[in-house]
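Protein sequences appear in the order of chains S and Y.
Just so you know, the first sequence maps onto residues 1 to 429 in the numbering used here.
Just so you know, the second sequence maps onto residues 1 to 429 in the numbering used here.
By construction, these hints were calculated from the structure, which means they are not laboratory data.
You may find that some hints are simply not true.
Any copy will do: because identical chains look the same in the list, a pair fits if it lies in one copy or spans two.
List of simulated lysine-lysine pairs, DSS-like, C-alpha gap at most 27 Å [unchecked claim]: (1) LYS389 - LYS84; (2) LYS11 - LYS287; (3) LYS220 - LYS365; (4) LYS420 - LYS113; (5) LYS220 - LYS35; (6) LYS192 - LYS302; (7) LYS192 - LYS292; (8) LYS140 - LYS292; (9) LYS420 - LYS220.
From a predicted model like this one, the values you see are computed outputs, not experimental measurements.
Protein chains: 2
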Amino acid sequence: MIITANNPSLKSWITVSENNDFPIQNIPFGVFLTKENVITIGSRIGDYAIDLSALQQLGYFKGIDLHEDIFLQDTLNEFITLGKPVWRMVRNRIADIFEENNSELRDNEDHRKNVLFPVDEVEMQLPVFIGDYTDFYSSKEHATNVGTMFRDPANALFPNWLHLPVGYHGRSSTIVPSGVAVHRPLGQTLPKGETQPVFGPSQRVDFELETAFITTDANKMGERIAVENAEDHIFGMVLLNDWSARDVQTWEYVPLGPFLAKNFASSISCWIVTMDALEPFRCESPKQEDPKPLPYLQQNGKHAFDINLQVAITPDNGTENIICNSNLKYMYWTMSQQLAHHAVNGCQINAGDLLGSGTISGPTKDSFGSMLELTWAGQNPLEMNDGTKRTFIQDNDTVIMRGYCKNDQVRIGFGEVSSKLLPAIPFEK
Amino acid sequence: MIITANNPSLKSWITVSENNDFPIQNIPFGVFLTKENVITIGSRIGDYAIDLSALQQLGYFKGIDLHEDIFLQDTLNEFITLGKPVWRMVRNRIADIFEENNSELRDNEDHRKNVLFPVDEVEMQLPVFIGDYTDFYSSKEHATNVGTMFRDPANALFPNWLHLPVGYHGRSSTIVPSGVAVHRPLGQTLPKGETQPVFGPSQRVDFELETAFITTDANKMGERIAVENAEDHIFGMVLLNDWSARDVQTWEYVPLGPFLAKNFASSISCWIVTMDALEPFRCESPKQEDPKPLPYLQQNGKHAFDINLQVAITPDNGTENIICNSNLKYMYWTMSQQLAHHAVNGCQINAGDLLGSGTISGPTKDSFGSMLELTWAGQNPLEMNDGTKRTFIQDNDTVIMRGYCKNDQVRIGFGEVSSKLLPAIPFEK
């Protein structure tokens with residue numbers, strides 16, 4: 001099937017400014033609440049949100065086999081189960097409707113009023129119901145930094161790391177969309193040099209710069225997913241801030257992994273950018289020669305994606321400080337390898353599962369994807385442009401992550417995931 | 001509110017044999033499919049499944065404020081959100097309907113035909129949609145056994161173990177009800193003395209004898225649950241076999257915990273026994289004096305439950321071998337402590353979440369809750385009554401777990417969780 005929405009010469013009758021993440025070649029999917037309190041699945045071009053259920057009711061998807069309420073939903077899960085051919089047809093059709101020479105909607109003011117809303121006037125929701133959330137640990141630079149800081153610089157990576165994409169299960173119930181503020185968590189920590197833990201607000205709240213992908217129904221329990229086919233089961237991607245309480249983590253994580261240090265909140269961007277839209281930005285992933293992975297993880301061709309990633313902190317009443325510029329292409333294990341590994345034991349993957357990359361750090365100090373690495377465990381504070389310093393995130397700081405791809409023809413972006421860290425809720429005992 | 005269903009002198013007009021797990025004092029909740037392909041929420045007395053949606057349609061719940069389809073559902077989640085006062089009213093009313101002197105249903109043959117089915121003639125389903133699954137590691141004997149085997153007998157417990165109920169997130173998508181067979185998983189393992197991993201069927205598939213509890217909506221994100229109130233948010237309990245691939249686990253679990261070693265399958269029993277039914281079996285939990293837990297985990301009174309647990313293996317075409325007798329009362333951390341800890345950082349707990357105890361081992365060798373411990377990592381094979389030996393679970397073995405409480409007046413049980421281990425599905429690469 002042809003991905004006509006990707007044609008770089010396509011222009012929309014909606015004005016899209018040069019550095020906007022959402023040209024007509026993007027056509028992401030999300031869920032929003034209108035001013036009239038209607039929840040709908042939508043898309044976006046430039047600074048306009050597109051009500052897809054309204055478009056459907058007005059007959060714009062005639063000819064595509066969709067049941068009549070497919071977009072009048074509060075999650076994308078059911079649409080996602082329809083599979084890649086349908087996602088592609090719908091995305092192409094949306095591009096067609098908004099193409100500058102198509103007058104169907106452009107010249108119908110009544111229809112436009114029902115379909116288009118300035119993005120400021122809608123309230124973005126979590127785009128999927130997330131059944132299971134898995135987080136990987138697939139950036140070699142990140143794993144090396146952490147291993148160097150806490151263990152042994154000469155053996156920073158554990159023996160399994162180069163053989164498999166290390167991953168673990170996270171908590172679905174606390175995944176929130178961009179814009180939802182998060183409270184500093186309380187927890188047990190072990191003060192330096194002490195043997196008895198103490199209880200109180202975490203003193204080391206950190207972000208983790210990640211991307212995540214959303215799957216469709218991919219296999220039945222007991223069945224595998226071949227690495228060659230894995231990409232067919234990926235609907236699209238979002239940005240992910242995997243909030244972490246480092247001091248809680250250090251005390252609790254042995255031997256079963258992080259738990260309360262992570263499950264108080266994870267924030268995602270609201271527009272799911274499809275793999276079709278990201279297709280022009282495929283690139284080589286890091287070489288996997290020494291060691292070669294086992295056959296079920298071997299793949300040929302380009303399976304990484306060149307996505308620029310950025311983190312900024314905005315202090316309360318302050319201005320923005322860009323503190324990290326990284327790129328998803330640094331990730332050692334590809335998304336298709338992560339998915340094939342996840343299902344190699346027969347683990348069932350469902351529509352709406354979220355699989356995070358793990359912290360994406362690049363090779364240079366300004367490309368590290370967490371405060372832990374940027375300040376080297378707090379040793380080298382970052383100076384903000386208001387003169388204050390940060391080792392970890394302070395109360396009322398807002399953490400903003402952005403991501404976009406760009407070539408000489410088109411820019412495809414994710415918008416942002418932005419969330420404010422509120423003070424801990426006071427506790428009695 | 002009075003829990004009349006617990007009255008030990010109650011008798012039902014349905015005959016219940018002496019060692020049956022489901023006397024009129026139990027009244028568990030489950031979901032089943034009838035021969036006519038209707039899915040309904042149900043209960044059970046003796047060897048009869050009770051169709052609660054039929055009972056409701058026939059007017060038997062008049063006077064209890066329930067919406068008309070509350071039992072005509074394929075999961076208990078919505079019923080669970082109604083909260084403890086409603087669970088209790090419904091359970092008491094069911095006991096009332098089936099009490100030997102109550103003729104309403106007893107003498108109405110037409111109604112009985114619509115309401116009662118021999119348990120052999122219904123197909124039990126997963127009773128809840130499980131949003132998030134957490135597994136703890138709360139048996140001191142189990143943690144000590146594992147620490148002794150793999151690390152240092154003198155320091156078998158990690159420093160955090162006595163200060164907090166260690167837990168981690170599991171996979172919801174592969175939790176299956178009793179009766180569903182499970183395939184031996186494939187995975188990476190590191191052969192002894194080697195440095196390069198190999199790929200193939202796990203050679204060390206194990207069970208873990210656990211119980212698990214199911215919660216209702218308990219808090220909003222950011223809020224805590226006080227340990228004193230935690231039990232109000234627990235709907236009931238099931239038996240849990242947390243299948244584990246020990247060789248996969250050993251290789252993959254550092255540093256983020258078990259992943260593919262666990263997420264291929266977890267099996268639960270089908271009838272949720274309410275905390276009200278278990279009330280007569282409260283008992284003291286192990287003393288927590290050295291160290292005392294932090295204040296948010298301190299509790300007074302009896303918060304453990306005296307539940308006998310048993311594991312058996314039935315080889316293919318063979319007879320049953322009982323290999324373990326344990327008891328939930330040995331668990332060091334109580335369910336209320338687990339729940340209070342889980343939410344102390346503001347992690348949101350939802351209706352239908354499943355929280356596992358971790359392997360329940362007792363103090364004696366025949367009370368260890370896994371093959372890993374029973375055979376001491378394979379050193380001491382168990383002999384089956386057909387003369388064959390087991391270090392771990394073999395293909396086509398069926399693992400059966402049972403649980404019941406008993407005092408001199410009543411026996412309340414869970415039935416069983418039984419699942420057969422099928423051979424690995426052959427793989428190509």
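Okay, the hints, checked on the actual structure:
1. LYS389 - LYS84: Close neither inside one copy (47 Å) nor across copies (49 Å); limit 27 Å.
2. LYS11 - LYS287: neither (38 Å within a copy, 71 Å between copies)
3. LYS220 - LYS365: neither (43 Å within a copy, 38 Å between copies)
4. LYS420 - LYS113: Answer is neither; intra-copy 33 Å and inter-copy 59 Å both fail.
5. LYS220 - LYS35: So LYS220 and LYS35 pass the 27 Å test across copies only (25 Å; inside, 40 Å).
6. LYS192 - LYS302: Cα proximity of LYS192 and LYS302: none, with 46 Å in one copy and 35 Å across.
7. LYS192 - LYS292: between (40 Å within a copy, 20 Å between copies)
8. LYS140 - LYS292: within (15 Å within a copy, 41 Å between copies)
9. LYS420 - LYS220: This pair counts as between: shortest inter-copy Cα distance 18 Å, intra-copy 39 Å.
In the structure shown, a violation is registered for the earlier hints numbered 1, 2, 3, 4, 6, in ascending order.
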